[in-house]
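Protein chains: 4
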Amino acid sequence: MADFTIGDRLKVTLFGQSHGPAIGCVIDGFPAGKRVDWDAVSFFLARRAPGQNAWSTQRKEADAPEILSGLNEAGLTCGAPLAAVIRNTNQHSGDYPDLLNVPRPGHADFAAGVKYGPAWDYRGGGQFSGRLTAPLCFAGALCLQYLAERNIRIAAHIARVGNVFDKAPDTVHPQFPLYEAGAFPVIDPEKGRAMQAEIEAAKQAGDSVDGAVRCVVTGFPAGVGGPYFGGLEGKLAQALFGIPAVKGVQFGDTQPHGSENNDAFRMENESVCTVTNHCGGILGGISIGMPLHFTVSFKPTPSIAKAQQTVDLKAMQETEMNLRGRHDPCVVPRAVPVVEAVTAIILTDLLLQGA
Amino acid sequence: MADFTIGDRLKVTLFGQSHGPAIGCVIDGFPAGKRVDWDAVSFFLARRAPGQNAWSTQRKEADAPEILSGLNEAGLTCGAPLAAVIRNTNQHSGDYPDLLNVPRPGHADFAAGVKYGPAWDYRGGGQFSGRLTAPLCFAGALCLQYLAERNIRIAAHIARVGNVFDKAPDTVHPQFPLYEAGAFPVIDPEKGRAMQAEIEAAKQAGDSVDGAVRCVVTGFPAGVGGPYFGGLEGKLAQALFGIPAVKGVQFGDTQPHGSENNDAFRMENESVCTVTNHCGGILGGISIGMPLHFTVSFKPTPSIAKAQQTVDLKAMQETEMNLRGRHDPCVVPRAVPVVEAVTAIILTDLLLQGA
Amino acid sequence: MADFTIGDRLKVTLFGQSHGPAIGCVIDGFPAGKRVDWDAVSFFLARRAPGQNAWSTQRKEADAPEILSGLNEAGLTCGAPLAAVIRNTNQHSGDYPDLLNVPRPGHADFAAGVKYGPAWDYRGGGQFSGRLTAPLCFAGALCLQYLAERNIRIAAHIARVGNVFDKAPDTVHPQFPLYEAGAFPVIDPEKGRAMQAEIEAAKQAGDSVDGAVRCVVTGFPAGVGGPYFGGLEGKLAQALFGIPAVKGVQFGDTQPHGSENNDAFRMENESVCTVTNHCGGILGGISIGMPLHFTVSFKPTPSIAKAQQTVDLKAMQETEMNLRGRHDPCVVPRAVPVVEAVTAIILTDLLLQGA
Amino acid sequence: MADFTIGDRLKVTLFGQSHGPAIGCVIDGFPAGKRVDWDAVSFFLARRAPGQNAWSTQRKEADAPEILSGLNEAGLTCGAPLAAVIRNTNQHSGDYPDLLNVPRPGHADFAAGVKYGPAWDYRGGGQFSGRLTAPLCFAGALCLQYLAERNIRIAAHIARVGNVFDKAPDTVHPQFPLYEAGAFPVIDPEKGRAMQAEIEAAKQAGDSVDGAVRCVVTGFPAGVGGPYFGGLEGKLAQALFGIPAVKGVQFGDTQPHGSENNDAFRMENESVCTVTNHCGGILGGISIGMPLHFTVSFKPTPSIAKAQQTVDLKAMQETEMNLRGRHDPCVVPRAVPVVEAVTAIILTDLLLQGA
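Chains as they are written, first to last, in the numbering used here: chain G, 1 to 355; chain E, 1 to 355; chain Z, 1 to 355; chain D, 1 to 355.
Isolated chain G, as found in the complex (with noise of 0.2 Å):
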């Protein structure tokens, strides 16, 4: 337990289950006398919102939160911790049936049980719904507008869905935006349609599919992170698989030999810079000044129309279930901002103690 609180010196904690009464976040530590950015926040939380497209699950989510604590009477930041609470509507409960008792395959459901025993809340998951991350991409989009105050940039794209792969950035000088605007983000078009195509035939056949988010950071100063346990690597990859769904974190693209591998130093405008970028910016579990740049991966989505087998845990006997209600296919495209948010949360933290 005590599982909703991520960071050290700027600490985001979430609250919320899926059917309750709402949804948010408290942010401590954010730096006082900071005026947001309000529309960006819209347009962040909009990426990531439900129910915008044929790929991503109907539902619809009034998700403009309300700002309980951390504004002073100018609208500026003041210090205090930032509240940010998001309503619920629009749960269709009856959707659910009984997940306490006959699990989900894939889902939280039965681990819940276990842990928390007859008293959790089942209905669309609980605490472990993905609605929770609208909060998380609240606090990241105010995290966001701090980092880009000091030029340091976060953009993800879809870099896999199935077998679809999105070509891959240019990581030694990436071009922004890595996606287009709308809510699809890839770098290459015509892969992006071979994407939606790939979620569209899962759609169609009951199913669901996997996928993969890139992320890549720019302006990130050299020096940060550290050996063993304070690696740069190790502090994202622990917020990275925070998020619901994220089975891997791979940091950079390895190559299989040395010789091909070693980012090979070289000068350029009298800094130093590496020809290529295979290490991801982190070598030694701390920042070298280039661009940073890792993939996420996430499993299919576990709710799928078709029939399942699973257990009924009062009989004690294999049973079979069948799922209704409103599903992404795909949680890939609707991951991106909550990866570009954990990102920024942690990248803030750090910057923030000096790390």
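Think of the hints as simulated: they come from the structure by calculation, not from any bench.
Predicted, not measured: the structure shown is a model, and the values here were computed from it.
Errors might be hidden in some of the hints.
Stated by the list, open to error - Taking lysine to any residue pairs in the SDA-like style, the calculated list, with each CA pair at most 20 Å apart, reads:
hint, chain 1, residue 1, chain 2, residue 2
1, G, K314, E, G223
2, D, K167, D, D253
3, G, K314, Z, K314
4, G, K306, E, P256
5, E, K306, G, L100
6, Z, K314, D, D253
7, Z, K34, G, L100
8, Z, K314, D, P118
Said to hold, decoys possible - Taking beta-carbon pairs under 7 Å as the criterion, some of the chain G residues facing chain Z (in silico):
hint, residue
9, R9
10, T13
11, Q17
12, A22
13, V26
14, L68
15, L76
16, D121
Claimed, not checked - Label pairs and their computed distance ranges (CB to CB):
hint, chain 1, residue 1, chain 2, residue 2, range
17, G, E66, E, N151, 46 to 54 Å
18, Z, A201, D, A168, 21 to 29 Å
19, D, G354, Z, A40, 36 to 44 Å
20, G, Q175, E, D98, 32 to 40 Å
21, D, D39, G, K34, 42 to 50 Å
C-beta atoms are modelled at their ideal positions from N, C-alpha and C, and glycine is treated no differently.
Place chains E, Z and D on chain G using the hints.
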């Protein structure tokens, strides 16, 4: 900074640098009243030790740790922090060039120079040295014994070297030991020989090769971990990325479509388990009672004999570098017990805190 | 920064500022399956609430918290973070002068200006406001119920106001309640009346008065805590000093000589206890199974009606200040439940982590 | 458990037990590039060392620490964790009775037995031993040098022994050194002699006596700390209560009425300061730029020569105990540098994290 401690209730703190007087660790929070099987500790440390065969550096280590505290007169753990020291001997400082001013590609040298400044003790990689995995394995060896008392077993094998993949283990009913007795743990001996050929080829070419370690844990109870930032994946990943050269961590073996990837629940011996185990024994960040399994990927050793381009930071100009010295052409064989050790430390910590 | 979270396995995060829209808290890690006694919560919050009598500020609060998450449909705690919000109403912003530029002596104004800069929301003391002890008491009220299930009881009384000392409780066999029903908990009612006279005198003089709260815990098991930095005293003290106006924490009632101060061990009902309890139930940082007791001292309310010397930070010159507004002439009476709440939170956290 | 680490960015981890092979510490996060003044370290450790005079135990210690890591070839701190070991010699194990079964009143014996069980190494108090303050002072000595570079000075004196109080220091313009050169640091030598008489009287009576240490810090910048749980008082207190025998911590010297206790702001040399310093240099949990000052109270040494009542835990019956051995009749004189050391560690940690 403050990078060398991992764990909450069980805290393992490493210390040392490659060419200082000694390396070691402090283990705080290990349960009192345990009789350590020192032969098992020695055997475990020997699996990591260098100089044993053709695939590893010829540097000899006398890795028998001296115990400075933590045992009572009868030799039982007594609740005091367990401190262990391993003296450094057999360093060949002369083998190392001026890494502070001419950083090696792929190594921490440049990053360390930015972080620590000119006082950094670059000899042998300083505190970034893989040498510190020796005390880490010492801590892990104790934790493995603690876990074994609870019938929790951890075993890893070489999953990949370059393009050669070992046979995958049965992740529903794993066979132990996963690895042969010996220094090159694989499931399929033929694949093992092909991997060794790959390493030998890299060595002959003055090059190095990458790979991966797969780790399997049996007997771990259901209900440990939590949603979001309390997830088992994140806690393990943070520690695993602390191992030098790790660039990726993947849990389970995700299948592209939900219908294949979802592990159907079933009954076995009147308890709930799953038909497959693609989730790696973890759903919603929480263990489900099935074997845990995950794959840790390592980059190729950055130390290679081939000429490489780098920069002279004093002259601020590009230069060429030729490294000499004893280096593993592939870190993966010796990393196998390190992955087991780190896994043991984290799982012990979680069990001790009742998480 | 990141100052508003306390606890390890049970994490309580406060948010809000005095004149923002709302204050509240997030409680993560509270056990699932508990039915909250809301009447007991209300009664507990009412003990802290202002405006009840002659000794406290006349500001009215509608402190009934709204629960945003953490309960299931049946009203049981469900394992999700428990978020509670209390709306701010009845603020008289106009009562407060420009504290940013003319800081009040004894208040956080000057320090806050240095830490947060001009964006600090100084109205009502911002995030330093004692208002935030309302959600803190809410969290404490839940923990008190958790502890009561284990027969652990916490009660505090007003140990001192100015020079008037309450009778000391029996710390070997404490009588509960230590305090009368009512808003002025003392053991000796006569001393209580003298204290009230002291407060009234301070009020009449446009002044304020200091005091102390003594807290007693019964039923707490032996063996919790640890040596050095794991000590029970340190963990409690860190949290207790988080209460506004606390300047001292003293455990037990140390006697000058070892021969008097050492608590002789004895047998009672076939279990080990001590004859006296000068150690406050803690030896070597670890509970010994005797009642815990400690005294928390509070400074006099810095808000006084008398003229005071301060500086005008814009003009950088000394000036005189006259404060108006509603203030408690003594914070101690209302601090009693706050001390109980903080104690309950820390002890619950320790029990949950099996420390 | 996990009780021996303090600090966030600067982490100090102690290890050892009284009668094990060695004690020591690991200091992780200390800045690189510092040249340690080893004579100053030795002098500081000597202030804590026993056996120097009539007031302290006659046990001799060869407390010169061996440095195992953390220095480069040139002897500068290099960023690697600094590990120091002090060998245990001169233990008289025979002096100690069977503390596991017949616990000493006022000592940790009984509590340790509950926490660790029979494997606890009770000889000399095991890991509860004041011996571990030697490596703590070593860590503190380094931090004092770091702080001195920033013109931050820490000095403590014996504020009280039994009923004898030292003169209070000027807390607005403290005079350094607060203590005489020598092992008995007081401001008023006459009071010092009376304290020594008090200690000698306790010793002659086979008894012990309590006391207090006051610590003053000058040069500490304004703006460090935070409201609620980020308060400077709480962070210092948690660490100070880690010193064996500490039972109370008081910040500043609170006056009974707000009109006296509030420290009026004034201008001096064009900067803001206060006329008095009753707040101990801290308002709202944040430093205000005035000297910090606080008082740490110690219980009388529980080891006394007088007969005491205790219980025989095997027989479960009361018994009498007579202790022999070498004990300080008052821990306060030797605790003075320990208080300074702990203060230095916490303040260094806070400055390093930019808190």
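Check whether the Cα positions of K34/Z and L100/G lie no farther apart than 20 Å. Satisfied, since the Cα-Cα distance of roughly 17 Å is no more than 20 Å.
With chain Z as the partner, please determine if D121/G meets the hint condition of a C-beta pair closer than 7 Å. holds (4 Å)
Under 7 Å is the threshold here; is the Cβ of Q17/G close enough to any Cβ of chain Z for the hint to stand? Constraint on Q17/G satisfied, holds at 4 Å.
Satisfaction of hint between P118/D and K314/Z, Cα-Cα up to 20 Å: Cα-Cα ~66 Å, so violated.
Proposed interface contact between T13/G and chain Z, which counts if any beta carbon pair is under 7 Å: Given a least distance of 5 Å, the restraint on T13/G holds.
Can you confirm whether the C-alpha distance between K306/G and P256/E stays at or below 20 Å? Distance of about 15 Å is within 20 Å: holds.
L68/G as chain Z interface residue, shortest Cβ-Cβ below 7 Å: OK, holds: L68/G within 7 Å of chain Z, min 4 Å.
Can you let me know if the beta-carbon spacing of A201/Z and A168/D is within 21 to 29 Å? holds (27 Å)
Sort out whether D253/D lies within 20 Å of K314/Z, counting only the CA atoms. violated (30 Å)
Hint L76/G vs chain Z: min CB-CB distance below 7 Å? Hint holds; L76/G Cβ to chain Z Cβ min 4 Å, cut 7 Å.
Indicate whether the distance between the beta carbons of Q175/G and D98/E respects the range 32 to 40 Å. About 37 Å separates the Cβ atoms of Q175/G and D98/E, which means 32 to 40 Å holds.
For the pair supplied as a hint, K167/D and D253/D, confirm whether the alpha-carbon distance does not exceed 20 Å. Holds - the C-alpha atoms of D253/D and K167/D are around 13 Å apart, at most 20 Å.
Going through the hint list in order, the structure does not satisfy hints 3, 5, 6, 8.
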